[in-house]
Amino acid sequence: MLEKHKKIAGCTLIAIALAALPFVIGMSFGNAWIRMLDFALLYIMLALGLNIVVGFAGLLDLGYIAFYAVGAYIYALLASPHFGLHWPLWAILPIGALVAGVFGMLLGAPTLRLRGDYLAIVTLGFGEIIRIFLNNLNAPVNITNGPKGIAGIDPLAKSIDIFGYQLHSLYITYYLFVALALLIVIVTMRLENSRLGRAWVAIREDEIAAKACGINTRNVKLLAFALGASFGGVAGGLFSGFQQFVSPESFGLFESIMVLSMVVLGGMGNIPGVILGAVVLTVLPELFRQWAGPMQVALFGQTYIDPESMRLLLFGIALILVMRFRPMGLLPSSRRKAEFEHAAEEGAKA
Amino acid sequence: MTVLLQANNIAKHFGGIRALKGVSLTIKTGEIYGLIGPNGAGKTTFFNVITGLYPRDGGDIVFDGQPLHVESPHEVTKAGIARTFQNIRLFAEMSALENVMVGRHLRSKGSVIGAVLRTPAVRAEEAAIKAKATELLAYVGIASKADVRAASLSYGDQRRLEIARALATEPKLLALDEPAAGMNATETAGLRALIEKIRADGTSVLLIEHDVKLIMGLCDRVAVLDYGEKIAEDVPAVVQKDPRVVSAYLGVPYEQ
Numbered sequence: 001m002l003e004k005h006k007k008i009a010g011c012t013l014i015a016i017a018l019a020a021l022p023f024v025i026g027m028s029f030g031n032a033w034i035r036m037l038d039f040a041l042l043y044i045m046l047a048l049g050l051n052i053v054v055g056f057a058g059l060l061d062l063g064y065i066a067f068y069a070v071g072a073y074i075y076a077l078l079a080s081p082h083f084g085l086h087w088p089l090w091a092i093l094p095i096g097a098l099v100a101g102v103f104g105m106l107l108g109a110p111t112l113r114l115r116g117d118y119l120a121i122v123t124l125g126f127g128e129i130i131r132i133f134l135n136n137l138n139a140p141v142n143i144t145n146g147p148k149g150i151a152g153i154d155p156l157a158k159s160i161d162i163f164g165y166q167l168h169s170l171y172i173t174y175y176l177f178v179a180l181a182l183l184i185v186i187v188t189m190r191l192e193n194s195r196l197g198r199a200w201v202a203i204r205e206d207e208i209a210a211k212a213c214g215i216n217t218r219n220v221k222l223l224a225f226a227l228g229a230s231f232g233g234v235a236g237g238l239f240s241g242f243q244q245f246v247s248p249e250s251f252g253l254f255e256s257i258m259v260l261s262m263v264v265l266g267g268m269g270n271i272p273g274v275i276l277g278a279v280v281l282t283v284l285p286e287l288f289r290q291w292a293g294p295m296q297v298a299l300f301g302q303t304y305i306d307p308e309s310m311r312l313l314l315f316g317i318a319l320i321l322v323m324r325f326r327p328m329g330l331l332p333s334s335r336r337k338a339e340f341e342h343a344a345e346e347g348a349k350a
Numbered sequence: 001m002t003v004l005l006q007a008n009n010i011a012k013h014f015g016g017i018r019a020l021k022g023v024s025l026t027i028k029t030g031e032i033y034g035l036i037g038p039n040g041a042g043k044t045t046f047f048n049v050i051t052g053l054y055p056r057d058g059g060d061i062v063f064d065g066q067p068l069h070v071e072s073p074h075e076v077t078k079a080g081i082a083r084t085f086q087n088i089r090l091f092a093e094m095s096a097l098e099n100v101m102v103g104r105h106l107r108s109k110g111s112v113i114g115a116v117l118r119t120p121a122v123r124a125e126e127a128a129i130k131a132k133a134t135e136l137l138a139y140v141g142i143a144s145k146a147d148v149r150a151a152s153l154s155y156g157d158q159r160r161l162e163i164a165r166a167l168a169t170e171p172k173l174l175a176l177d178e179p180a181a182g183m184n185a186t187e188t189a190g191l192r193a194l195i196e197k198i199r200a201d202g203t204s205v206l207l208i209e210h211d212v213k214l215i216m217g218l219c220d221r222v223a224v225l226d227y228g229e230k231i232a233e234d235v236p237a238v239v240q241k242d243p244r245v246v247s248a249y250l251g252v253p254y255e256q
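As given, the protein sequences belong to chains B and U, one line each in that order.
For the first sequence, the numbering used here assigns the number 1 to the initial residue and increments by one for each residue that follows.
For the second sequence, the numbering used here assigns the number 1 to the initial residue and increments by one for each residue that follows.
Just so you know, the hints here were simulated from the structure itself, not pulled from any lab data.
Keep in mind it's a predicted model, so treat the numbers as computed, not measured.
Here a beta-carbon is modelled for each residue, glycine too, at the ideal position from N, C-alpha and C.
Fair warning: there could be bad hints in the mix.
[Claimed, not checked] Simulated pairs of lysine to any residue, SDA-like, Cα-Cα distance not exceeding 25 Å:
1. B:K7 / U:A115
2. U:K28 / U:K78
3. U:K130 / B:E3
4. U:K130 / B:A338
5. U:K78 / B:N219
6. U:K28 / U:K213
7. B:K337 / U:A151
8. B:K7 / U:V116
9. U:K132 / U:K172
10. U:K241 / U:D201
11. U:K241 / U:Y227
12. U:K172 / U:H13
13. U:K109 / B:I186
14. U:K172 / U:V116
[What the hints assert, rightly or not] Partial list, computed: chain U residues near chain B (C-beta under 7 Å):
15. R89
16. E93
17. L106
18. A185
[Said to hold, decoys possible] Have a look at the derived ranges for each label pair, beta carbon to beta carbon:
19. U:T134 / B:Y118: 54 to 64 Å
20. B:Y175 / U:A127: 52 to 62 Å
21. B:P110 / U:A189: 31 to 41 Å
22. U:A127 / B:L167: 22 to 32 Å
23. B:V141 / U:N9: 53 to 63 Å
Just chain B, same shape as in the assembly (with noise of 0.2 Å):
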């Protein structure tokens, strides 16, 4: 009975942190940074689902971004004066996560028999494809609009006003996703500890002793595309009517490794990691952008480097430092760990 109560206190104390949070923020460092912890919070929702196929099931998938733009642009295709269509959001979310799982099936059933590097190729190449496809998808039919994307998409929330409080949209959308990763969140913690969870695991670790156990091993990894797939194209639709604007270049290879990286730097295969990774990778840069500046001048005077580009090195140089000296990432499952302290055991050994 303690450890249930242990439990709900548990989670009212994080459903009122998370409840409080934007307006702490908010009030503290303003809307842009409102906006920064949506952001955070649709990278936790792709990074999810890209740790169902990276983390747990072991395919190197560098192409993942593509099941995001699929989400994005079946949202903006659907809710925006393009075609003159304006559906809820209630009905596309499920429509983006339906089709985006049917794109992942499409380019798992290809790479069945890939493993590891040549995986990563065949996957990056999808991605690529998907790219170009809506770059070029503007004739002979219009229909993305091609390399100059599709604007003034819907909405996601509209400002409200609360008993004369105005309660800005960033709020409401973040409300909105983080009900949204909360689910994403429980339904990969159920399926991680499930019978197909432990399938994904097997195959990760032998898939021909997994085949002898009776996994058809087909059918298996192919679930793991599609349903990693299908949070990609969740966390596509809310990007698409979060920015009200989607354009094919939004989609390249840089954040397909992004995301990618959030799942190792966190700690691949383990929930809490992955969802560390996401908000460090993503607050970070943002961080690293607003100090370059300022720390320059005190430092010497002036600015020497352009705080831009200082970003990415900076952010360089931290995936470098997290790797050096924590390879299995930040929050490692306790799996994982134990397989680097084998290695290193082996290596010791050797």
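Given the coordinates of chain B, work out where chain U should sit on it, guided by the hints.
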């Protein structure tokens, strides 16, 4: 005794090398059947063919009265043949218990939606999987190692864990590929007792082994492979004296 597995004219070649040149053998229900032969005779290839790991180039297999479709290993496992590997293949970073729980995959059916909603049926099934896996660890004698990472187990315990994982699929035929390799005398004696217990509990066993003492003491019948052909099949005492078997292992006697 009824026939459990009937393999007819199984052929397998790798490029120009004919690893199996039409091997036929019959395993009866309740039997411990040994498969021996010098290195490179095709024993493991035969194993890999009947368990679906390699596609066969000829012949057919009838298992438990049904033609065996060996397009993919998981279907063979589903039909009731479970195996272990010559070079142990465990899920190294999973605990011993989790390894056996993976073996229950085939005999459980929790779906994605069930897992996400965590329905009472799925929760009950999970509990049953865990209970069965715990029971199997005790059965093979490593109950105390349930939470130990598979890679950290001793060699003998890894072999036992692999057997427990195979048994979790509820096989009619358990195929063991050199289970005693690398074991000391005490471990081998323990393994022998375990295999006898498995047979007594109703699972037939197919055994590849180099340890002649183990094979001769344990098996009801033995087949000998040499260069991809079956050169003998009988009770151990007869096979042991078969001149073709002796010459396969020791060479042809010097003729005066």
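Against the structure, the hints come out as follows:
{"no.": "1", "hint": "B:K7 / U:A115", "in the structure": "holds, 21 Å"}
{"no.": "2", "hint": "U:K28 / U:K78", "in the structure": "holds, 19 Å"}
{"no.": "3", "hint": "U:K130 / B:E3", "in the structure": "holds, 22 Å"}
{"no.": "4", "hint": "U:K130 / B:A338", "in the structure": "holds, 23 Å"}
{"no.": "5", "hint": "U:K78 / B:N219", "in the structure": "holds, 15 Å"}
{"no.": "6", "hint": "U:K28 / U:K213", "in the structure": "holds, 22 Å"}
{"no.": "7", "hint": "B:K337 / U:A151", "in the structure": "holds, 13 Å"}
{"no.": "8", "hint": "B:K7 / U:V116", "in the structure": "holds, 20 Å"}
{"no.": "9", "hint": "U:K132 / U:K172", "in the structure": "holds, 17 Å"}
{"no.": "10", "hint": "U:K241 / U:D201", "in the structure": "violated, 31 Å"}
{"no.": "11", "hint": "U:K241 / U:Y227", "in the structure": "holds, 19 Å"}
{"no.": "12", "hint": "U:K172 / U:H13", "in the structure": "violated, 28 Å"}
{"no.": "13", "hint": "U:K109 / B:I186", "in the structure": "holds, 21 Å"}
{"no.": "14", "hint": "U:K172 / U:V116", "in the structure": "violated, 33 Å"}
{"no.": "15", "hint": "R89", "in the structure": "holds, 4 Å"}
{"no.": "16", "hint": "E93", "in the structure": "holds, 5 Å"}
{"no.": "17", "hint": "L106", "in the structure": "holds, 3 Å"}
{"no.": "18", "hint": "A185", "in the structure": "violated, 27 Å"}
{"no.": "19", "hint": "U:T134 / B:Y118: 54 to 64 Å", "in the structure": "violated, 39 Å"}
{"no.": "20", "hint": "B:Y175 / U:A127: 52 to 62 Å", "in the structure": "violated, 36 Å"}
{"no.": "21", "hint": "B:P110 / U:A189: 31 to 41 Å", "in the structure": "violated, 51 Å"}
{"no.": "22", "hint": "U:A127 / B:L167: 22 to 32 Å", "in the structure": "violated, 46 Å"}
{"no.": "23", "hint": "B:V141 / U:N9: 53 to 63 Å", "in the structure": "holds, 59 Å"}
Of the hints listed earlier, those the structure fails to meet are numbers 10, 12, 14, 18, 19, 20, 21, 22, in rising order.
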